[in-house]
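Assemble chain B onto chain A, guided by the hints.
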Amino acid sequence: MARTESRYSFGGDEHLFVEIDEEMSLEAFFKSLSVCTAIKQANIRGVTEICPANASFQVKFDPDVIAPSDIEAEVKRIEAQAQASHRIATRILEVPAYFRDPWTTETLMRFRDRHQDPNATDIEFAARINHYPSVDAFLAAFTGSPWFVSMVGFVAGLPFLYQMVERKRQIQVPKYLRPRTDTPALTIGFGGCFGCIYSVRGAGGYQMFGITPMPIYDPQQKISYLQDFMCLFRPGDILVWKPIDREGYDSIKADVEAGRFVPKMAEVTFDLDAFEHDVDGTNRKLLEALHA
Amino acid sequence: MLEVVRPGLATTVQDLGRPGYYHVGIPISGAMDRLAARTANLLVGNPEDAALLECPFMGPELRFEDARTVAVTGADIAPKVNGEPRPLWTSFRVEKGDTLSFDFLKKGARIYIAISGGIDVPVVLGSRSTYALGALGGFKGRKLEAGDLLPLGAGAGAAEGRSVPEHLRRMPEMPAKLRVMPGLYWHRLTEEAKQSFFEDTWKVAPEADRIGYRFRGGRPLTFVPREQPFGAGSDPSNIVDAAYPYGSIQVPGGTEPIALHRDAVSGGGYMMLGTVISADMDLIGQLQPHTPTRFVPCDMAEALRARAERRKLLDAIRAHLAA
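So the protein sequences, as listed, match chains A and B. The first sequence runs 1 to 292 under the working numbering. The second sequence runs 1 to 323 under the working numbering.
For reference, chain A alone in the conformation it holds in the complex (with noise of 0.2 Å):
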């Protein structure tokens, strides 16, 4: 990691944010959520936001009930706690992916004259510029391992993934050189280090490869699995890509609509030492839960 010092700022009077590296990492992602996790078990007064973001995080409160000078000390206290922690109880789900379908595939072709690569389709570029002899073996590293959902937002319920890899397998692709102006709703795309999955249609920059037919949220709450909450995912939730074909992804969205579809989903135990210090066993065991 970079740096030992988090960078404590105020976002106006109502916001303070805390920059734990200026660049990603699964240790800065760890620490931001397990201060966020801390900063909700104290239940200081006046605070009514907590978002912890990929390596950083942002208390909201009210300046009215406690001084910006009190919540910096509180929140320093409790950083200075925290900063042991390096296991995190999660949960591990499984989210059918469709790659090259056809909707997200017109959708880029509509928006070519915004791209890197006019010629190529964004799977073929970031294969290419990731130095993949095909989209297939791109594929398979891309599927291959679990990713951390290491923020929540933009969007309702938009997860931010970060893979589980050392940092030179990690695929890195540039955003769109224009953002566009439409993403088929529960597109799974990818920008800079972070893969995400399009919660709702709207404008978006990143790449697209692929699409699922498993709703993530749902404001009106009919999905079965999003009654208790509309929004499927929490920062801390680890996934694990299942690669399906049209057959598949036609019979999933038939289930969702019965109401008969549930998601793959199992509690884990992850702890960041045994990851770093063998990532491909780590990995194995969290989908062996998965499967179990």
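Since the hints were derived computationally from the structure, they do not count as laboratory data. Quick caveat: nothing in here was measured; it's all calculated off a predicted structure. Certain hints may be false.
No farther apart than 30 Å at their CA atoms in a straight line, the calculated lysine-lysine pairs in the DSS-like style are these [what the hints assert, rightly or not]:
1) B:Lys80 / B:Lys140
2) A:Lys76 / B:Lys194
3) A:Lys253 / B:Lys140
4) B:Lys140 / B:Lys177
5) A:Lys222 / B:Lys140
6) B:Lys194 / B:Lys140
7) B:Lys177 / B:Lys312
8) B:Lys106 / B:Lys312
9) A:Lys222 / A:Lys264
If the Cβ cut is set under 7 Å, some of the chain B residues that face chain A in the computed set are [as the list claims (entries may be wrong)]:
10) Gly134
11) Gly233
12) Val240
Now the in silico label distances, taken between C-beta atoms and shown as ranges [what the hints assert, rightly or not]:
13) B:Lys106 / A:Gly248: 55 to 61 Å
14) A:Ala89 / B:Lys177: 25 to 31 Å
15) A:Thr105 / B:Asn82: 50 to 56 Å
16) B:Gln195 / A:Arg114: 32 to 38 Å
17) B:Glu191 / A:Ala274: 45 to 51 Å
18) A:Asp250 / B:Ala205: 41 to 47 Å
Idealized CB from N, CA, C, for every residue including glycine.
Here is chain B on its own, set in the frame of chain A:
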């Protein structure tokens, strides 16, 4: 029931917002000019956080199915009942079958229409506010359309003729002044850019909505050169995606500052140079496209003083209407 005859441009149901879900990307929403919204509710005898209509740049046409007390605050868009003018910032009666319509916009950007009893749409995650991007809350999660029938709550309503005097209303100056606390990724700007941001007069761009207000016309902002951190992206204005404070000003590519507002995208990968102070957020809601705007540097002490003044103003409105 309230019938929407003509919807206006982007009329939505709003209250004071939906705090608590930003960490999953659901923004605070609620009225962009909260002081105007609270005042409108107080004028008709509603609780301050009752749901009302927010209408940008243009008024709707509404038909009433029963007698109600109504008040319109915010922008200068004169209301009319069956074609007869009614004053702004003042409660008036409408009878069964009456039509409320509006003149053209003269000043400001958004009106708030409070109706006694409030708009009785379902409460979703603690609020009746509309978050259109997420199809959440309000009336069917969207802006109003012709033919919509809005449920109204029960409420006798205050008397007509209650009014708030001029000195208790708040509208932007010309040019508009927004106080900004530098911070967040301010250190990414060059000394030149730090100066020019506050020296230049910017103009509100046509992209000015509930998500955010874009400004243009100032000198482009330059960044301190660096090797981009891992995961940040290649543009010098990129950062590793982080949470965006409500009111924060991001500058994609260094060209056009965007101040996020009530339906903010909750996070992303553009550096933010600072945040508009809470006391000035309501003013943004009253800016029309092309309004010349200056950003004024401000520290925490001044931000808290301005916040206290704004609270005093609200207390004065409450006291005036309680008398």
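Here's how the hints hold up against the structure:
{"no.": "1", "hint": "B:Lys80 / B:Lys140", "in the structure": "27 Å, holds"}
{"no.": "2", "hint": "A:Lys76 / B:Lys194", "in the structure": "28 Å, holds"}
{"no.": "3", "hint": "A:Lys253 / B:Lys140", "in the structure": "24 Å, holds"}
{"no.": "4", "hint": "B:Lys140 / B:Lys177", "in the structure": "36 Å, violated"}
{"no.": "5", "hint": "A:Lys222 / B:Lys140", "in the structure": "14 Å, holds"}
{"no.": "6", "hint": "B:Lys194 / B:Lys140", "in the structure": "44 Å, violated"}
{"no.": "7", "hint": "B:Lys177 / B:Lys312", "in the structure": "20 Å, holds"}
{"no.": "8", "hint": "B:Lys106 / B:Lys312", "in the structure": "28 Å, holds"}
{"no.": "9", "hint": "A:Lys222 / A:Lys264", "in the structure": "19 Å, holds"}
{"no.": "10", "hint": "Gly134", "in the structure": "4 Å, holds"}
{"no.": "11", "hint": "Gly233", "in the structure": "4 Å, holds"}
{"no.": "12", "hint": "Val240", "in the structure": "5 Å, holds"}
{"no.": "13", "hint": "B:Lys106 / A:Gly248: 55 to 61 Å", "in the structure": "59 Å, holds"}
{"no.": "14", "hint": "A:Ala89 / B:Lys177: 25 to 31 Å", "in the structure": "50 Å, violated"}
{"no.": "15", "hint": "A:Thr105 / B:Asn82: 50 to 56 Å", "in the structure": "55 Å, holds"}
{"no.": "16", "hint": "B:Gln195 / A:Arg114: 32 to 38 Å", "in the structure": "33 Å, holds"}
{"no.": "17", "hint": "B:Glu191 / A:Ala274: 45 to 51 Å", "in the structure": "47 Å, holds"}
{"no.": "18", "hint": "A:Asp250 / B:Ala205: 41 to 47 Å", "in the structure": "43 Å, holds"}
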